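For the record, the sequence lines run as chains E and V. Note that this note's numbering numbers the first sequence so that position 136 is 136, with each residue one more than the last. Note that this note's numbering numbers the second sequence so that position 27 is 27, with each residue one more than the last.
Since the hints were derived computationally from the structure, they do not count as laboratory data. This structure is a prediction, so every number in the text was calculated from the model and none was measured. Ideal placement from N, C-alpha and C gives every residue a C-beta, glycine not left out. Please note that the accuracy of each hint is not assured.
[Unchecked claim] Straight-line alpha carbon distances no greater than 27 Å define the calculated DSS-like cross-link-like pairs of lysine-lysine that follow: (1) V:K69 x E:K115; (2) E:K52 x V:K13; (3) E:K138 x E:K46; (4) V:K158 x V:K22.
[What the hints assert, rightly or not] Now the in silico label distances, taken between C-beta atoms and shown as ranges: (5) V:G120 x E:G33: 48 to 58 Å; (6) E:Q125 x V:D41: 39 to 49 Å; (7) E:E32 x V:G105: 24 to 34 Å; (8) E:E48 x V:G4: 14 to 24 Å.
[As the list claims (entries may be wrong)] Partner residues are not named here, just some residues of chain V that face chain E (Cβ under 10 Å, in silico): (9) K16; (10) S21; (11) G24; (12) V54; (13) V55; (14) G59; (15) G60; (16) L64; (17) E67; (18) A70; (19) D114; (20) P116; (21) A118.
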Amino acid sequence: VVELDHSFSNGKPTDYNWEAILDLDRIVPCVEGGRVVERTSPTEAKAEIKVKMGAMSMTFNGTVDVVEQDEDAHRAMLKVKSREKGGQGYANADVTFSLDDGGGKIHTAAQISGKAASMGEGVVQNVLDALIKDFTTKLEAI
Amino acid sequence: VRLGPDNATLSVKTKKGGVASKAGHDLTMEVTSWEATLDDDSIVLTADAHSFRVVEATGGAFDLGDEEKAAIPQTVREEVLTDPRIEFRSTSVQDGAVRGDLTIGGTTRPVAFDLPAAGGRLAGHAVVKQTDFGMKPYTALFGTLKVADEVEVLFEAKGDASG
Chain E
1 VVELDHSFSN GKPTDYNWEA ILDLDRIVPC VEGGRVVERT SPTEAKAEIK VKMGAMSMTF
61 NGTVDVVEQD EDAHRAMLKV KSREKGGQGY ANADVTFSLD DGGGKIHTAA QISGKAASMG
121 EGVVQNVLDA LIKDFTTKLE AI
Chain V
1 VRLGPDNATL SVKTKKGGVA SKAGHDLTME VTSWEATLDD DSIVLTADAH SFRVVEATGG
61 AFDLGDEEKA AIPQTVREEV LTDPRIEFRS TSVQDGAVRG DLTIGGTTRP VAFDLPAAGG
121 RLAGHAVVKQ TDFGMKPYTA LFGTLKVADE VEVLFEAKGD ASG
């Protein structure tokens, strides 16, 4: 398991950010290459992420579900479960948001297997870190 | 002497870099559309940067398929060298030492390289720094995978082209 901590700051009210992170149609596309394939319930979606590695790319298909939400504490957990398209690998992640005024903290616990993981934990950690940093910059404009 | 893809090869070698460099490949790309005129004291070469073809991809964690190899020249066209014109004009050629002006994408910089006729067969290489020509080296995976700024340009005549 790779665990990473990030924060974001967008100057928006907590209630605004709370609504945004729970709206899968808004939050999933903030991941570069990510899109909602089908919204299956207010808290569940089928989603896809295409990670471009130059000429090569890997696509992961799966689900993103809001599995915990504590409105008073403004804390929510999104569970990502996905399988590598055309491969044996998977990419799962528990992403926990803790909002405070004007932004928040993001804790990610990810498990990656297959082709992507074969590059080594250090590489996976670096790429995930860069992906989430990019995600936080997109949250600034959500 | 006139040279082109029929009697010589012009190729570009790139190196990968960045923390996720394991995901990338070192590439050798052949230029399929170019021509050069060599005289005793001058060299003029023009090349089409949109005519690259990947002939070798090494060092990656996964092998590149044909489709992926074909996608690389497309990326060059669309994101790296949108202006296809490459031109080199020598300013001096002395004992196999060549100096001149290289123009890539409208930016001209001086370059120098050796072009010895070893065994009557011309061969040489030059190092080109992309940022010197206002180019932005290609990056992917949120900047964790990069093409190194310096690329190597290789030239080799197939037969006796020393004139």
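Outcome of the hint check:
The hinted pair formed by K69 (chain V) and K115 (chain E) meets the criterion: a straight-line CA distance of about 19 Å does not exceed 27 Å. For a cut-off of 27 Å, the pair hint linking K52 (chain E) to K13 (chain V) stands: about 22 Å separates their Cα positions. Of the supplied pair hints, the one linking K138 (chain E) and K46 (chain E) holds, its CA atoms being roughly 21 Å apart against a limit of 27 Å. For a cut-off of 27 Å, the pair hint linking K158 (chain V) to K22 (chain V) is broken: about 34 Å separates their Cα positions.
At roughly 53 Å, the beta-carbon separation of G120 (chain V) and G33 (chain E) lies within the given 48 to 58 Å, and the hint holds. Checked against the given bound of 39 to 49 Å, the beta carbons of Q125 (chain E) and D41 (chain V), roughly 56 Å apart, lie outside it. The hinted range of 24 to 34 Å is satisfied by E32 (chain E) and G105 (chain V), whose Cβ atoms lie roughly 27 Å apart. Between E48 (chain E) and G4 (chain V) the CB atoms are about 46 Å apart, so this pair departs from the stated range of 14 to 24 Å.
With a least beta-carbon distance of about 9 Å to chain E, the hint placing K16 (chain V) at the interface is held under the 10 Å criterion. The criterion of a C-beta within 10 Å of any C-beta in chain E is met by S21 (chain V), whose closest approach is roughly 9 Å, and the hint holds. Below 10 Å, beta-carbon pairs count as interface contacts, and G24 (chain V) has one with chain E at about 6 Å; its hint therefore holds. Restraint check, V54 (chain V) versus chain E: the minimum CB separation of about 9 Å is within 10 Å; hint holds.
Annotation: interface hint on V55 (chain V) violated; nearest CB of chain E at approximately 14 Å, more than 10 Å. Annotation: G59 (chain V) was flagged as interfacial toward chain E, and the flag is violated, the nearest CB pair being 12 Å apart, outside 10 Å. The beta carbon of G60 (chain V) comes within 8 Å of a beta carbon in chain E, closer than 10 Å, and the hint placing it at the interface holds. For the restraint placing L64 (chain V) at the interface with chain E, the shortest Cβ-Cβ distance is roughly 6 Å, inside the 10 Å limit, so the hint holds.
Against a cut-off of 10 Å between C-beta atoms, the interface hint on E67 (chain V) holds, since the closest Cβ of chain E lies about 9 Å away. Look at A70 (chain V): its Cβ gets to within about 9 Å of chain E, closer than 10 Å, so that hint holds up. The beta carbon of D114 (chain V) is not positioned within 10 Å of any beta carbon in chain E (closest approach about 32 Å), and the interface hint is therefore violated. Look at P116 (chain V): its Cβ only gets to about 35 Å from chain E, farther than 10 Å, so that hint breaks.
Taken as an interface hint, A118 (chain V) does not check out: its beta carbon lies about 35 Å from the nearest beta carbon of chain E, beyond 10 Å.
The structure fails to meet hints 4, 6, 8, 13, 14, 19, 20 and 21 from the earlier list, while all remaining hints are met.
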